[in-house]
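Trainee: Here's the letter readout for the chains.
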Amino acid sequence: MLGSFSQFFLDLYESNPKWNFIYFYDPKQADRVLEGLWTTLELSVVCVIFSVVIGVAGAWLQTLPNRLVRMVVQGYIQFFRNTPPLIQLMFFYFALGQFTPTYSPDGWLEIPIISNVGWAIISLSFFAGAFNVEIFRAGIEAIPESTKEASESLGFSRLQTYRYIVLPLAFRVSLPALNNNLVNLVKTTTQALVIAVPELLYQMVSIYNDYSTSMNACMLLLFVVYIVLVGILVFGMQRWERAMNIPGYGS
Amino acid sequence: MKVIIKSFLLGSLVSLFTLGSVVSAAQCTNDVWNKVMKRGKVVVGVKADYKPWGYRSTSGELIGMEIDMAKDVAAAMNVDLELVPVQSSNRMQFLEQGKIDMMIATMSDRVDRRKIVGITQPNYYTSGTNIMSPKALGLSSWEDLRGKPVCGKQGAFYNKIVADRYGAKIIAFTGNAEAKQALRDKKCIAWVYDDSSIMSDLSSGEFDDFEMPLASEDDNPWGLAVPLAEKDCIFGHFMSGITYNMHQSGRLIELEQKHGIQSTNYLVIQKYRNKDWLEGK
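From first to last, the protein sequence lines are chains A and B. Every letter in the first sequence is one number past the one before it in our numbering, and letter 4, counting from 1, is 4. If you want our numbering, it's the 1-based position in the second sequence plus 251.
For the record, the hints were derived by calculation from the structure and aren't laboratory data. Incorrect hints may appear among the rest.
Below, simulated DSSO-like cross-link-like pairs (lysine-lysine); rule was C-alpha separation at most 30 Å, straight line [to be verified]:
1. B:LYS411 <-> A:LYS28
2. A:LYS187 <-> B:LYS522
3. A:LYS18 <-> B:LYS286
4. B:LYS437 <-> B:LYS386
5. B:LYS350 <-> B:LYS386
Heads up, incomplete: computed chain B residues facing chain A, CB under 10 Å, no partners named [as the list claims (entries may be wrong)]:
6. ILE314
7. GLU347
8. LYS366
9. GLN405
10. ALA407
11. PHE408
12. ASP415
13. ILE422
14. PHE424
15. ALA430
16. ASP436
17. ILE440
Quick reminder that beta carbons are idealized off the backbone N, C-alpha and C, glycines included.
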C-alpha cells in the first residue's frame, strides 16, 4: 500500500519533473519534514504561551500607580512593537548573543547558553507579547470603573481585583484581538529561518535546494501545513471564546 | 442561439488545443533571444555576495569575474547589459520566470538543475568543497567534523553531502556574511563552502587565524544557464560558442588572473584541449 503510494509520486516526478514530491518517497527527506514540523510546533506553542503570559503581566503592570513601572512597560512595547521581528531575531542572535555566557566542549567552540532556538523563542515571544499587552490593556479599559470600585468596596486588594474581577472580564473582551495576534505569531515563526532555526521553512528550503525539482512540491506542503496549523489554532480559540461566553456580557 | 454559443465555445476550445499542439511541435521559438534583440538589452543574473566572481565594489557597483563575462556576452550580442543580483536559492526561479534572460551565478552544474534551467556546455569554471576553520583547532580530516556544528550557506548542494557522509551538523544561514560571522563568533567549528571562495577570503587578510586544512572534495564544474526551452536554440548555441571561445582564447584564464583568483587547473586543461591546431603556424 505504502509502496504504491510512493510509487505514484515517483511516477509523477518521471512525467512532470517540476512536481517532485520527494518527501513522499524518500524517507530521509520525510524525516527532515517531520523534524521541521516538530520544531515549528514547539516554537509556536512555547511562544504562544509565553507571549500570553507577557501580555497578562504587562497589562497588569500598566495598571499600577507607579509611573516608573508604567514607563518601563511602555518602553518595552515601543521597542518590540515598532521594530521588524526579522531584525529583532538577527540583533538578538548575532549582537546580544556575543554577550551571553558560553561553554566550550572542545576548547575552541563557544556555545552560547542561549541557542538560536532559545533566541527565537525570546524574540518572538516578546514581539507578540508587546502586542498582547496592548490587546489586554484595551480589554481592561473596557471594564467600567464602577465595577472596580465595587470590588474595592468589597475589600478586594488591587491584585485580587485584577485577578478575580478585571482579568476574567477583560480576557473575554480581548479574545478576538488575541486570536488575530496569535495567528500572526505562528506565521512569524518562519522568520526564525534567518538565524538557522531548523523549523519547517528552513527544512523545506534545504530540501528544495538539494533537489531543485522539488520546489513546487515544497511550497505546496508549506502552504497546506500552515493552513492546517493556523486552522487548528483558530478553531481552538473560537471554541474557547464560546466556552467563556457569559450570557448577556459582550456580544 | 444556444447552439451558436455552444459551437463557438467548442470551436474556441478546439482551436486552443490545436494551438497548444502547434506551439509544442515547433522546436525553437527563440522567444527570449528575440526579446533580448528587440529591446536591445540582455538581463543577466549574477551574484552580489561572492567575491571575486560577483560582488559589490566600495561604491556599490557590481564587479567580478562573472560580471566581466556578462559584459563580454552583451558586447558580442551588441546589446546593453543589465545586471540583476541573484541568490543561490532563487537564481533558477528568476530564470524560469523570465526575471532574468540568463545567469552566470557560480552555479554548480547538477543533474537535478539541468531539468529546471538550460545549462550550456562547456562548463566555464569548477570548484570543490572545502572548509575554513580556525588554525587553533588544527583539523586534519573530514572525519573531524563528525557530530560537530558546521556553518553553511542555504542553497549549497554539498551541505547535504557533508552531513550525510561525515555526520557534520550543518547550520545553514541565508547569507555568507551571517555564516562567516557565526564562525567568528565560535558558534561552529568550520564554514563549509566552495574552495575557490574560501581561498579568496583567506587571501583578503580578514581571516588570518583561519585556514583551509582539508583536501577539496566533490570537484564540480560550474554552469551558466539560459531558459530551458532555448538551450538547443539560438541562445544556448550562442552561449556554448562564446564559452568555447573564452576557453580557447585564454580569456577565462586572463579574467581569473585579473581578479586575483588562484589559478585553476581546469581552465588550463580546457585551453589545451580546445587548442587551435593552426595556432603559431
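Trainee: Each hint: holds or not?
Mentor: Hint check:
no.: 1; hint: B:LYS411 <-> A:LYS28; result: 11 Å, holds
no.: 2; hint: A:LYS187 <-> B:LYS522; result: 52 Å, violated
no.: 3; hint: A:LYS18 <-> B:LYS286; result: 25 Å, holds
no.: 4; hint: B:LYS437 <-> B:LYS386; result: 13 Å, holds
no.: 5; hint: B:LYS350 <-> B:LYS386; result: 43 Å, violated
no.: 6; hint: ILE314; result: 26 Å, violated
no.: 7; hint: GLU347; result: 9 Å, holds
no.: 8; hint: LYS366; result: 4 Å, holds
no.: 9; hint: GLN405; result: 6 Å, holds
no.: 10; hint: ALA407; result: 7 Å, holds
no.: 11; hint: PHE408; result: 6 Å, holds
no.: 12; hint: ASP415; result: 8 Å, holds
no.: 13; hint: ILE422; result: 5 Å, holds
no.: 14; hint: PHE424; result: 5 Å, holds
no.: 15; hint: ALA430; result: 8 Å, holds
no.: 16; hint: ASP436; result: 6 Å, holds
no.: 17; hint: ILE440; result: 6 Å, holds
The structure shown violates the earlier hints numbered 2, 5 and 6.
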